[in-house]
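In order, the protein sequences belong to chains A and B. Those letters in the first sequence? Residues 0 to 283, per numbering that gives the first Met the number 0, in order. Those letters in the second sequence? Residues 0 to 344, per numbering that gives the first Met the number 0, in order.
Hints are computed from structural coordinates only; laboratory data are not their basis. Note that beta-carbon positions come from the ideal geometry of N, C-alpha and C, so glycine has one too. Some hints could be false.
[What the hints assert, rightly or not] Cut-off 25 Å, straight-line C-alpha distance, at most; resulting in silico cross-link-like pairs (SDA-like, lysine to any residue):
{"no.": "1", "chain 1": "A", "residue 1": "Lys44", "chain 2": "A", "residue 2": "Thr28"}
{"no.": "2", "chain 1": "B", "residue 1": "Lys213", "chain 2": "B", "residue 2": "Leu44"}
{"no.": "3", "chain 1": "B", "residue 1": "Lys101", "chain 2": "A", "residue 2": "Arg193"}
{"no.": "4", "chain 1": "B", "residue 1": "Lys101", "chain 2": "A", "residue 2": "Trp192"}
{"no.": "5", "chain 1": "B", "residue 1": "Lys101", "chain 2": "A", "residue 2": "Ser198"}
{"no.": "6", "chain 1": "B", "residue 1": "Lys67", "chain 2": "A", "residue 2": "Asn186"}
[To be verified] Every beta carbon over 10 Å from chain A, so not counted as near; a handful from chain B, in silico:
{"no.": "7", "residue": "Glu173"}
{"no.": "8", "residue": "Glu197"}
{"no.": "9", "residue": "Leu315"}
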Amino acid sequence: MRGSGVVTAGSGRRNTLPGFGLTMGLTLTWLSVIILIPLAGLFLKTFELSFAEFANIVTSRRTLNALKISFGLAFGAALVNLVMGSIVVWALVRYRFPGRRIFDAIVDIPFALPTAVAGIALTSLFAQKGWLGAPLAELGIKVAFTPLGIFIAMIFIGIPFVVRTVQPVLIDLDPEIEEAAASLGANRWQTIWRVILPSLIPALLTGFALAFARAVGEYGSVIFIAGNLPNVSEIAPLLIVIRLSEFRYADATAIAVVMLIVAFLIILVVNRLQYWAQTRIPVH
Amino acid sequence: MTIELTNITKNFGAFAALDGVDLKIADGELLALLGPSGSGKTTLLRIIAGLDWPDGGDVSFDGENALKRGAGERQVGFVFQHYALFRHMTVFENVAFGLRVKPRAIRKDEASIRARVKELLDLVQLDWLADRYPGQLSGGQRQRIALARALATEPRILLLDEPFGALDAKVRKELRRWLRSLHEEINVTSVFVTHDQEEALEVANRVVVMDKGKIEQVGTPGEVYDYPATAFVHGFIGESVVLPVNVAEGRVWIGDQPLNITAPNVGGPSKLYVRRHDMQVGSESIGLRGAVRHVRSFGAIQRADIAVCAGGNETLIEIDTPRDHALRTGETVELHPRRFRIFAD
Numbered sequence: 000m001r002g003s004g005v006v007t008a009g010s011g012r013r014n015t016l017p018g019f020g021l022t023m024g025l026t027l028t029w030l031s032v033i034i035l036i037p038l039a040g041l042f043l044k045t046f047e048l049s050f051a052e053f054a055n056i057v058t059s060r061r062t063l064n065a066l067k068i069s070f071g072l073a074f075g076a077a078l079v080n081l082v083m084g085s086i087v088v089w090a091l092v093r094y095r096f097p098g099r100r101i102f103d104a105i106v107d108i109p110f111a112l113p114t115a116v117a118g119i120a121l122t123s124l125f126a127q128k129g130w131l132g133a134p135l136a137e138l139g140i141k142v143a144f145t146p147l148g149i150f151i152a153m154i155f156i157g158i159p160f161v162v163r164t165v166q167p168v169l170i171d172l173d174p175e176i177e178e179a180a181a182s183l184g185a186n187r188w189q190t191i192w193r194v195i196l197p198s199l200i201p202a203l204l205t206g207f208a209l210a211f212a213r214a215v216g217e218y219g220s221v222i223f224i225a226g227n228l229p230n231v232s233e234i235a236p237l238l239i240v241i242r243l244s245e246f247r248y249a250d251a252t253a254i255a256v257v258m259l260i261v262a263f264l265i266i267l268v269v270n271r272l273q274y275w276a277q278t279r280i281p282v283h
Numbered sequence: 000m001t002i003e004l005t006n007i008t009k010n011f012g013a014f015a016a017l018d019g020v021d022l023k024i025a026d027g028e029l030l031a032l033l034g035p036s037g038s039g040k041t042t043l044l045r046i047i048a049g050l051d052w053p054d055g056g057d058v059s060f061d062g063e064n065a066l067k068r069g070a071g072e073r074q075v076g077f078v079f080q081h082y083a084l085f086r087h088m089t090v091f092e093n094v095a096f097g098l099r100v101k102p103r104a105i106r107k108d109e110a111s112i113r114a115r116v117k118e119l120l121d122l123v124q125l126d127w128l129a130d131r132y133p134g135q136l137s138g139g140q141r142q143r144i145a146l147a148r149a150l151a152t153e154p155r156i157l158l159l160d161e162p163f164g165a166l167d168a169k170v171r172k173e174l175r176r177w178l179r180s181l182h183e184e185i186n187v188t189s190v191f192v193t194h195d196q197e198e199a200l201e202v203a204n205r206v207v208v209m210d211k212g213k214i215e216q217v218g219t220p221g222e223v224y225d226y227p228a229t230a231f232v233h234g235f236i237g238e239s240v241v242l243p244v245n246v247a248e249g250r251v252w253i254g255d256q257p258l259n260i261t262a263p264n265v266g267g268p269s270k271l272y273v274r275r276h277d278m279q280v281g282s283e284s285i286g287l288r289g290a291v292r293h294v295r296s297f298g299a300i301q302r303a304d305i306a307v308c309a310g311g312n313e314t315l316i317e318i319d320t321p322r323d324h325a326l327r328t329g330e331t332v333e334l335h336p337r338r339f340r341i342f343a344d
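Using the sequences and the hints, build the whole thing.
Below you can see the structure in the form of structure tokens.
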């Protein structure tokens, strides 16, 4: 059942799972050093600005556009990954076909590939004379150096997150529930829609959140393909780097803080959704 | 509805799960498929349900070929061993599922669906759990919800796979009695699979004993218990005492000792099967005797380990006798089977 293996702190009694003090201490120290202190530094740096200055920076047209591009495209890319990733997972888990293991391994490539390599590869592929860019150009679709390019790079780096989070859950899904649905008269579509998908919702949400978070923060692969035109194809992380190179550190951190807060809020919402979905499906 | 299975075969790779099974199931029957694991009983049930397809043979429902229809079109209610409830749906929605997925043209309106679900939850006496999720129920409750869900679409046959297998002994006993009275109430043709002989004998009207993909015997619980057709059935159902014997010209020998019993239809090396409580200890002699090794008394009976000399080897048997004649360790007693069967090896 849920909650098994969880030790409640401070009972004072001897516990069958010792080591609470040690592990909790290490956890707090480690998280502080690695995550909390750098983030606190980020916030402190922004206090060098007055509130008016801060507001000025984050509401400037260029910043707002960069944020819009980063979050909007990341959200869209995560949605695409959610749908296409689910289909990929379904094929990988449910069917046996030659080369399945190879496809399964290919899914991890965006994880492992240096992002700059991915960016350059995508750019040359989608450039006006690239393998995919040339036929698309004839259709009048321009990918490289446009927001569409950013979108594709974000899809590329996000797909493993959806596949890898949903895969184990789908593997563990009891085939008997599908048989039960079938014998109750449900057709295949009803079985997928009413029985299988709802069982996967928590995992799908996690995969979506991870793909989204990764795409928001993505820098390496995007900047090569983006074109980086201010207000059009300039992502927020790039704007931060630009500000840093201009030695406007406080400006850079102000944008970073806004990104942090928005990302945090979005992930919080997804987490709540996930929690809500999970409490509806108590773990066996 | 009547079900007729003709010469059903099913192989999983080189393993013959079903090997030429013929069976007729009468309308309104409560039938048990009984056998050890690997005997093919669950495969047979799944073939009736349309969840598996036979490699050969016919399945007909009321004389009509059922193999043309998929699981969803056979009007079969299936209760899975581990219930297979939909964990993300409430108990109410689980039971309503079969009604909600019907094609729009024949789907009932919401009010009728609600009324039907309510009726079924009342039938399984769990209407107070309608808003819970399966994860919040006990095993026995899940089992009954699975049954209510299977009954929602008014199936013509109810199939249950090891319906009490995952429950503890006390709940199991309650549910058995409940299932039988439920069957009397709704009277739908029902088949359940079990490896527990007590369950089969207590619940079913008729028992099909299976082993290694074949039917060994079909009969009422009384018939299969009192008149086992094969050595397997005798050994599998009830507690048996087994002694190696030799039959020559109708006479039965245990080792070099002739027994004063006859076995007209067998010959050669055979096994003498006696129910544990049918082996009497007394003065009447048929030439079978043994030494009492150990005696335990409980309740109305005493259980004794007795060593019988059979052809130079000792065979240790366990028998139940009434306590009025106390057995003592070490004494030699005459054994007299009140009823017995002899099957050739």
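Against the structure, the hints come out as follows:
With a C-alpha separation of about 22 Å, the suggested pair lysine 44 of chain A and threonine 28 of chain A falls inside the 25 Å cut-off, and the hint holds. Between lysine 213 of chain B and leucine 44 of chain B, the direct Cα distance comes to roughly 14 Å. Compliance with the 25 Å bound is thereby established for this hinted pair. Of the pairs offered as hints, the one joining lysine 101 of chain B and arginine 193 of chain A holds, with about 13 Å between alpha carbons and a cut-off of 25 Å not exceeded. Using a Cα cut-off of 25 Å, the hinted pair lysine 101 of chain B and tryptophan 192 of chain A holds, with the two alpha carbons roughly 14 Å apart.
Under the criterion of a C-alpha separation no larger than 25 Å, the hint pairing lysine 101 of chain B with serine 198 of chain A is consistent with the structure, at around 21 Å. The hinted pair formed by lysine 67 of chain B and asparagine 186 of chain A meets the criterion: a straight-line CA distance of about 16 Å does not exceed 25 Å. Every beta carbon of chain A lies more than 10 Å from that of glutamate 173 of chain B, the smallest distance being close to 23 Å; the non-interface claim holds. Annotated as non-interface, glutamate 197 of chain B keeps its C-beta farther than 10 Å from every C-beta of chain A; the closest such distance is 26 Å.
Annotated as non-interface, leucine 315 of chain B keeps its C-beta farther than 10 Å from every C-beta of chain A; the closest such distance is 44 Å.
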